[in-house]
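Asker: If you want the building blocks of each chain, they are given just below.
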Amino acid sequence: MNQKCAKKMERKLNKLKHVVFKETGIVCSLNPTNNIVICNAGLVNGLSEETILEHFSVYGTLNNIVLVPGKSCSFVSYVELDMACKAYEALNGQLPIAQDNKPVYLLYAERLPQHSIDSRKVWDELPGGLVILDDFITENEEKLLLSLCCFDDSLVSQMKNRQVRHFGYEFRYDNNNVDKDKPLDEKIPKECDFLWKRLHENTDWKQFVPDQLTVNHYSLGQGIPHHVDTHSAFEDPIMSLSLNSAVVIAFKRDDRDICVKLPPRSLCIMSGETRYDWTHGIIPRKSDVVLSNTGSYTLLPRGIRVSFTFRKIRQGECNCQYTRNCDSYIRKNNSELQIAASEIERLHVIDVYENIALHFNETRNKPWPNVLEFVNSFDVGSVMLDVGCGNGKYLGKNKHVFDVGCDTSCALLDVCKKNGFETFLTNCLQLPFKDAVADGVISIAVIHHLASEERRLQAIEEMIRILKVDGRALIYVWAKDQHKNNEKTSYIKQDRKNRKSDTDVVVADENSEAPVSKGMTLPVHVNRTQFKHKDVLVPWRLKNQQNTVEDTFLRFYHVFEENELSDLCSKLENVEIERCYYDQGNWCVVLRKTLIKNS
Amino acid sequence: MKLLTHNMLTSKCMKGVSVGYPLSIKALDIRTVEVEFNPEFVAKMIPKIDWAVLCSAAESLGKTELPKEVIDNYENDQDFLKKVHHILLEVDVIDGELVCPETGRKFPINNGIPNMLLNEDEIYL
Ligand SMILES: [Zn+2]
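Protein chains in written order, with UniProt numbering: chain A, 1 to 599; chain B, 1 to 125.
Mixed in with the good hints there might be a few duds.
[Claimed, not checked] Only pairs whose alpha carbons sit at most 27 Å apart, straight line, appear in this in silico DSS-like list of lysine-lysine:
#1 B/K26 - A/K417
#2 B/K15 - A/K332
#3 A/K417 - B/K82
#4 B/K106 - B/K44
#5 A/K182 - B/K15
#6 B/K2 - A/K399
#7 B/K2 - A/K332
#8 B/K82 - A/K399
#9 A/K71 - A/K86
#10 A/K312 - A/K180
#11 A/K206 - A/K190
#12 A/K332 - B/K12
#13 B/K68 - A/K417
#14 A/K434 - B/K106
#15 A/K418 - B/K68
#16 A/K571 - B/K26
#17 A/K397 - B/K83
#18 B/K83 - A/K399
#19 A/K71 - B/K63
#20 A/K397 - B/K48
#21 B/K63 - A/K417
#22 A/K332 - A/K468
#23 B/K2 - A/K7
#24 A/K417 - A/K366
#25 A/K332 - A/K182
#26 A/K418 - B/K83
[Said to hold, decoys possible] Label-pair restraints from in silico Cβ distances:
#27 A/I304 - B/D121: 22 to 32 Å
#28 B/G104 - A/K252: 28 to 38 Å
#29 A/T363 - B/S24: 38 to 48 Å
#30 B/V19 - A/V290: 34 to 44 Å
Because the hints were derived from the structure by calculation, they are not lab data.
Note that the structure is a prediction, hence the values are computed from the model and not measured.
Glycine included, each C-beta is placed from N, C-alpha and C at the ideal position.
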């Protein structure tokens with residue numbers, strides 16, 4: 001190196017020294033230590049442990065590699081000082097593994113950063129319920145099993161490049177499940193039978209005989225994303241035999257990340273916690289960085305690996321204790337919730353409206369200006385559906401469109417019919433319309449009567465389903481906050497003005513609750529006051545001729561927080577929120593149906 | 001129920017039904033209501049509807065005046081538009097039922113209002 005170049009390098013390294021210190025707080029210099037910092041390449045530039053190990057292990061044994069999350073520098077540590085010096089001399093300004101194949105610049109570091117990405121990776125323990133049996137089969141048996149599956153093009157299905165073959169039942173990677181009603185003609189080959197005899201003789205799994213086999217053929221650089229095998233699909237345990245090449249498999253739960261080496265001819269038994277609660281996956285790369293038990297890193301090149309994964313199809317539902325990944329538990333829990341919600345809606349919405357319909361009709365005549373404006377924004381020949389039209393106060397307002405209303409209340413639709421409006425009876429969760437037929441949908445003060453978030457989302461989904469692309473929907477729901485911008489809404493103001501005529505009796509107890517469904521109770525709201533709860537029962541007082549209260553009905557409401565409605569709508573892929581506003585004590589959105597965004 | 005509404009109705013939300021369209025009509029009481037004729041509205045509606053379904057629905061109510069195919073240049077044919085206007089908007093099924101083509105499930109029409117409500121065991125939870 002000539003003097004000019006040396007000067008240039010010195011300036012460069014001096015600059016990088018400050019960058020590294022700023023990024024990691026680590027002091028580095030030209031004074032040799034066991035630790036080398038790669039100043040200009042790290043995780044953010046796509047550098048991997050594997051690449052570092054490949055190039056740096058040439059000069060000696062590494063006892064650490066540290067890639068700092070979000071940083072563009074990384075660290076290697078050698079067992080001996082002279083190894084570090086040799087590597088430094090050979091690689092500084094030379095090795096082209098920085099971004100765009102530029103050379104790396106190196107310095108010596110006084111220490112390694114403490115919080116590295118690797119500090120979470122664990123090598124020396126196994127998750128509960130995981131057993132690895134080394135040399136479960138002999139080399140001859142390995143050859144025999146490999147010969148059972150020649151992966152020629154006509155037999156294998158191409159799946160994310162990994163080649164897969166199924167026996168007994170097809171395992172579908174799109175939903176991690178099997179079609180239990182469609183067994184395959186091809187059962188698990190007889191040649192595998194010796195495995196179970198051996199398993200029964202040598203382990204505690206005395207009963208396990210699988211009826212489903214998936215053979216995966218991993219070419220160099222291929223992996224499998226993290227997943228839990230669907231609980232309801234398979235029994236416990238799941239066993240996987242590794243053939244031909246070793247690989248490192250990772251098990252993750254919460255922030256735990258355990259790396260396990262699977263040698264060829266080993267049997268990996270996943271049961272209990274491992275089978276139900278930990279995800280497992282294989283990083284797609286050509287070699288694995290393995291921490292040996294002497295504390296040094298070595299590079300384990302992968303070859304073509306074939307795995308035989310044996311499972312037993314589960315009949316019925318899973319009843320494990322690991323509920324968070326348990327599809328059976330989630331389904332059961334969800335369906336119980338849905339049943340309760342539908343009961344609340346039947347008793348405290350549908351039946352109530354039927355009972356109060358005539359009185360309701362007398363009180364609900366004045367349309368809201370912003371809703372009218374929306375209705376009138378549609379062109380001649382547009383098709384509009386009013387979901388939850390009630391007495392039809394927004395129907396027939398735009399004379400140029402064809403508008404249809406729907407509701408659950410027969411009595412309210414009879415009022416619509418009297419006024420010459422077109423309607424049908426339906427629940428807003430199942431709109432009996434074809435897909436993409438409407439130009440516009442309005443749903444004013446309706447979905448706040450649905451008793452679970454899933455059902456509220458489902459109702460919006462239905463409205464969007466029947467809209468054409470570019471069609472628009474307007475949704476109003478009651479806001480929890482009735483004092484927005486320090487202005488009381490008319491709902492609150494009516495208290496003084498209309499108290500005599502509207503509510504002669506005010507519920508005295510502010511904390512009263514009423515039973516709704518199997519042991520559940522909900523708070524009863526005090527009319528004309530701010531909402532204290534999000535899921536409430538709102539009394540409707542039906543009066544007789546003498547204007548005295550004859551009967552009180554409790555209507556269920558879920559009142560919405562700010563942004564709650566737009567957050568819900570954002571869950572849909574084919575929706576754009578055009579406008580979101582507060583009006584008359586309601587949260588309101590205007591949605592536009594879009595094509596499904598490319599995912 | 002007007003035939004324009006019928007043209008969009010389906011029983012596809014029922015468990016086990018895939019298309020649920022078109023629903024056949026069994027009418028017991030059909031009335032005619034007068035609706036103001038708007039040729040522009042009808043012309044714009046024609047490309048949006050399923051013509052074959054409209055024709056067979058009209059036929060099942062004994063109305064045979066519609067041609068099997070939409071005529072050319074219909075936008076300017078007042079007579080044709082009037083016929084379509086009548087079938088789409090003025091024919092009103094007051095009593096009867098709609099029938100799902102896949103399951104035979106009947107949806108009653110009372111007072112001109114189809115009851116499309118599904119029972120709990122007919123929907124996906
Ligand atoms: Zn489970």
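Asker: Does each hint hold? Answer for all of them.
Answerer: Status of the hints after comparison with the structure:
no., hint, verdict
1, B/K26 - A/K417, "holds (20 Å)"
2, B/K15 - A/K332, "holds (19 Å)"
3, A/K417 - B/K82, "holds (24 Å)"
4, B/K106 - B/K44, "violated (32 Å)"
5, A/K182 - B/K15, "holds (21 Å)"
6, B/K2 - A/K399, "holds (16 Å)"
7, B/K2 - A/K332, "violated (42 Å)"
8, B/K82 - A/K399, "holds (18 Å)"
9, A/K71 - A/K86, "holds (26 Å)"
10, A/K312 - A/K180, "holds (11 Å)"
11, A/K206 - A/K190, "holds (19 Å)"
12, A/K332 - B/K12, "holds (25 Å)"
13, B/K68 - A/K417, "violated (32 Å)"
14, A/K434 - B/K106, "holds (18 Å)"
15, A/K418 - B/K68, "violated (34 Å)"
16, A/K571 - B/K26, "violated (41 Å)"
17, A/K397 - B/K83, "holds (25 Å)"
18, B/K83 - A/K399, "holds (20 Å)"
19, A/K71 - B/K63, "violated (76 Å)"
20, A/K397 - B/K48, "holds (22 Å)"
21, B/K63 - A/K417, "holds (24 Å)"
22, A/K332 - A/K468, "violated (35 Å)"
23, B/K2 - A/K7, "violated (89 Å)"
24, A/K417 - A/K366, "holds (19 Å)"
25, A/K332 - A/K182, "holds (24 Å)"
26, A/K418 - B/K83, "holds (26 Å)"
27, A/I304 - B/D121: 22 to 32 Å, "violated (52 Å)"
28, B/G104 - A/K252: 28 to 38 Å, "violated (51 Å)"
29, A/T363 - B/S24: 38 to 48 Å, "holds (40 Å)"
30, B/V19 - A/V290: 34 to 44 Å, "violated (56 Å)"
Hints 4, 7, 13, 15, 16, 19, 22, 23, 27, 28 and 30, counting from the list given before, are not met by this structure.
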